[in-house]
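Asks: Listed below, chain by chain, are the residues.
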Amino acid sequence: MSAASDVIIVGGGLMGSSAALFLRGHGLSVTLLETDLIGRQASGTNFGNVRRQGRPIHQLPLANRAIAIWRQSRELLGADVEYLQSGHIRVCYRERPELVGSMEDYAAKAREEGLELELLSGNALRDKFPFFGPDVLAGSYSATDGHANPRLAAPAFARAAARLGAVIHENTKIVDAQKVGEDFIVTAVDGRTFRAPILLVTAGAWGNALSSQFGEPVPITPKGPNMSVTEPVPYGILPAIGVMTPIEEETVYFRQVARGNIVLGGSTRGPSFPDQYRAYVEPQNTLSQLKHIRRLAPSLGKLNIIRVWSGIEGYMPDSQPVMGPSATTSGLYYAFGFSGSGFQIGPGVGETMAEVIAKGATDIPIAPYRIERFATPT
Amino acid sequence: MSRFVRLGETDRPAITVHVDGAPVEALEGDTLMVALLSQGGVLRQSEFGPEKRAGFCLMGACQDCWVWTESGDRLRACSTLAASGQRILTSQPGASWSNHA
Amino acid sequence: MVEPRIIPRVVIVGAGPAGTRAAEACVQAGVRPIVLDEGRRDGGQIYRRQPDNFTRPYAKLYGSEAGRAQALHETFDGLKGAVDYRPETLVWNIAGGHIWTASQTYADTLPFDALLLCTGATDRLMPVKGWQFAGSYSLGGAQVALKSQAVSIGHKVVFMGSGPLLYLVASQYVEAGANVVAVLDTAHYSARIKALPDLLAVPSVLWNGVALTMKLKRAGVAVHNGIKPLEIKGNADSGVSGVRFRTGAGAEQEIICDAVAMGHHLRPETQLADLARCAFAFDPGTRQWLPKRDGDGRSSVAGVYLAGDGAKILGARSAEASGRLAALAALGDLGLPVDKGEMASLRGDVGTYAKFARGLAKAFPWPSEQASQLPDDAILCRCEGVTAGDLRGVMRETGAKEANRAKAFSRVGMGRCQGRYCGLAAAELIAAEAGVPVEQVGRLRGQAPVKPLTIAIGEEQ
Ligand SMILES: Cc1cc2nc3c(=O)[nH]c(=O)nc-3n(C[C@H](O)[C@H](O)[C@H](O)COP(=O)(O)OP(=O)(O)OC[C@H]3O[C@@H](n4cnc5c(N)ncnc54)[C@H](O)[C@@H]3O)c2cc1C
Ligand SMILES: Cc1cc2nc3c(=O)[nH]c(=O)nc-3n(C[C@H](O)[C@H](O)[C@H](O)COP(=O)(O)OP(=O)(O)OC[C@H]3O[C@@H](n4cnc5c(N)ncnc54)[C@H](O)[C@@H]3O)c2cc1C
Ligand code: FES
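Residue numbers (this note's numbering), protein chains in the order written: chain A, 1 to 378; chain B, 1 to 101; chain C, 1 to 461.
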């Protein structure tokens, strides 16, 4: 038995769910297939940063497209995904003064892409945001970035897509995908098959299993970033905060949700087990995360974490996703491997992929994400 | 009105702890919870509802009995012994990180 | 001088009856275990010790169990030189053959060859509308107040729920001079009669139970069976003012009180077993997910052993037997000589207590149907202030019908008690609402830290 539609999407994270919604907007029929439940993997476990600053300049048009969707998410989705445009600050520490130059340089280029950043000295930052510790040398403030609730986002996109007629099959793990004549036939582990002339792979950290079936293996590494959350405390921290540093262990970030809990993330990432659908938080990574949070914002040392978690994210060697058409097979498209920063751009990725599929082109620069960059020379 | 009622063991030496600045008489060996609820009816304000709370499990599992030292350290009232001279706050002191107070 | 031999590293979490007997077995085998307990003193729940300057004698504190309590405390005191005892130390995570501990801001990590989890239990709660008001306490909490602090939780106390502890704690209150206004048991008396064959497995405990009910009635305490709790009435500022319930005969009744002790027997503290990645299985008798173990206490993970009420609620006597048995199993697995005959006899003891526990579950059934009958405006999750109606709304809107999914969308179980007090009832509500058996709803995954951990952890090393 084979169910047919215009497009099959394999992978129901934020990428797949938002692509399904926007493909329906173009009038294409869509079948979305998900191993587990919608939005339970990276898209449902991430930190929730809706941050443009810090992304490569070439990604800002995509990020801008995404922010426009986040801003109207309530109307678009008919659901509140707790998007707050409350700012984002990236700071550097005293021992790395050279990063101030990088921040200035980045701000100048970002301005050309329509992202306004304000550079603030450590003291100016501490005046405005008294939680910053003495090691903070300077920061770059983006007033128009923010954060949202990852547990709610992808499922809300999927529900909106379903209301517009997208067919969604959860608990449907695709184990085989082939092009037979004009159509792709994908087969679930229980033998069900689905057929469509177009196949979009949005399988996150699992993307390589599918791209390999079309002769396009990619060097993707699954990892699990660590998250923690505190008890609720009076709401007082508006922006999301992150550290700019070349050292993974120092890379921590936090944000406060309107209910009061502070979400902490970062420091050394742990291993993850995509086959078992599990990512464990290594206790030593929790301890190093807390240590670096204390350095960034010493007053948070008085709070407690009540829960930790992780998620499975696929990292590419150059930290850029695989996004665009296949180089071997017509009708096949990819959007996976978002390397730890796909949440903010997610809705923009969905809209862009829908556009590429429906219209054959997009103004958004996606060339840097071509899958060919990993092709082994023959 | 007190919430708890002492049923014995009242021959212990008295101590004084300060709760939100006011002195509270307690007995040596009391937990902070017993010290506070032998004088008053509640421990803290719920974050998400209108009601005040006074703990629930008394065995360190529910986390409904949090109080704070003046320097902001969180204490579980049910499993922390009261000590003479202790200064306790029943709401979290100085959200010192706040940027829009 | 004896050749120093490689001593296995045995770590015991919990210094209650199970942990104490496990430690004793280790010491007898020449092993010096590390014994960690979050509490200030050893003894665990049932044999919880009062502060040093309290003077009530054993008989007054522990009643019919005074002899066992004293024996256990003396055993532990006698072991102190031979064990590495670390009180006030929380085990907050387990990974890679190590436990991770916190003692205020001091962090430590300890490797183990054998880990015995003797983590005990907490009350099992069925929410009642109004249970968020100050003056509602867990039944166990009411007992802790009396045992370790010599106080009553209120001036007029109602005991409501079911299970053996309901009668025990109520009568301990009466004996200590507290004002107990009523005992409201959700179980019907007929259930106890049906459970008699199993309860007869441990006649002395059965007899204690019968004596307690008689004692309460003699003291003039109103005892109602087969009731249905309707509401804990109260005021946001002053707390509990009464309870409203339906009697077994169907009449609505209200009792004025300022405190309610509530609970439905116990649930094991299985978070550490979960973090150690032990396999779990659904236990239909108690409608709970329990870590799997063999007859000796071996979990599905090599080197991790489970004993006492932390593995399954079988009571204090069983905890002593299963603690010793699991330790002998661990020592044997480590290559030390152990007495196989003793192990067989301990296994027999544990089996007897298991039969009795089955009887208790029948006599005082968990009223799972009450979860689905909670009115929409009743708080289900006390930590996050989520109502039954909120959860139902989320289920309708999102189609969620799995425990972790419903948690992600509704926040039920996401608060700082980590779902200890709402999780089982939430699962029943989800199951009823979705029309699926409760085991299909799954279980809330254990997440570190087992208890809240200060961000200052590790500052002191
Ligand atoms: C802990 C953590 C923190 C993060 N923090 C941030 C942040 O703050 N900001 C930010 O921008 N990004 C962040 N990220 C990254 C971001 O979450 C991801 O880049 C983004 O969610 C990726 O979305 P996705 O849809 O590609 O992947 P996923 O959400 O993982 O979705 C892929 C889906 O495909 C399904 N699937 C896979 N194989 C198959 C198959 N064969 N058949 C059917 N279904 C299949 C999976 O089950 C999964 O649901 C973080 C990631 C993690 C893990
Ligand atoms: C409040 C309460 C009252 C009870 N009263 C009675 C009674 O009167 N009569 C009766 O027959 N039964 C009673 N029970 C049942 C009783 O728990 C058992 O019968 C008996 O105490 C079980 O012994 P145990 O050794 O398994 O666990 P416990 O005696 O509960 O001991 C477990 C110990 O482990 C420690 N612990 C748990 N987790 C951690 C961690 N992560 N880190 C460090 N330490 C940890 C705890 O602090 C505790 O001291 C009661 C249970 C509770 C919860
Ligand atoms: S009353 Fe539950 S932790 Fe103190």
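In short, the hints are calculated from the structure, not lab data. Some clues are possibly wrong.
[Claimed, not checked] Restraint-style ranges between C-beta atoms, simulated for each label pair: (1) Ala14/B - Tyr106/C: 50 to 60 Å; (2) Lys109/A - Gly389/C: 46 to 56 Å; (3) Leu200/C - Val189/A: 29 to 39 Å; (4) Gly114/A - Asp283/C: 56 to 66 Å.
Cβ coordinates follow ideal geometry from the N, Cα and C atoms, glycine included.
Asks: Now look at each hint and say whether the structure bears it out.
Replies: How the hints compare with the structure:
The given range of 50 to 60 Å is broken by Ala14/B and Tyr106/C, whose C-beta atoms sit roughly 32 Å from each other. Distance hint check: the CB atoms of Lys109/A and Gly389/C are about 51 Å apart, consistent with the given range 46 to 56 Å. A hinted range of 29 to 39 Å for the beta carbons of Leu200/C and Val189/A is inconsistent with their spacing of about 50 Å. In this structure the supplied range 56 to 66 Å holds for Gly114/A paired with Asp283/C, their Cβ-Cβ distance being about 59 Å.
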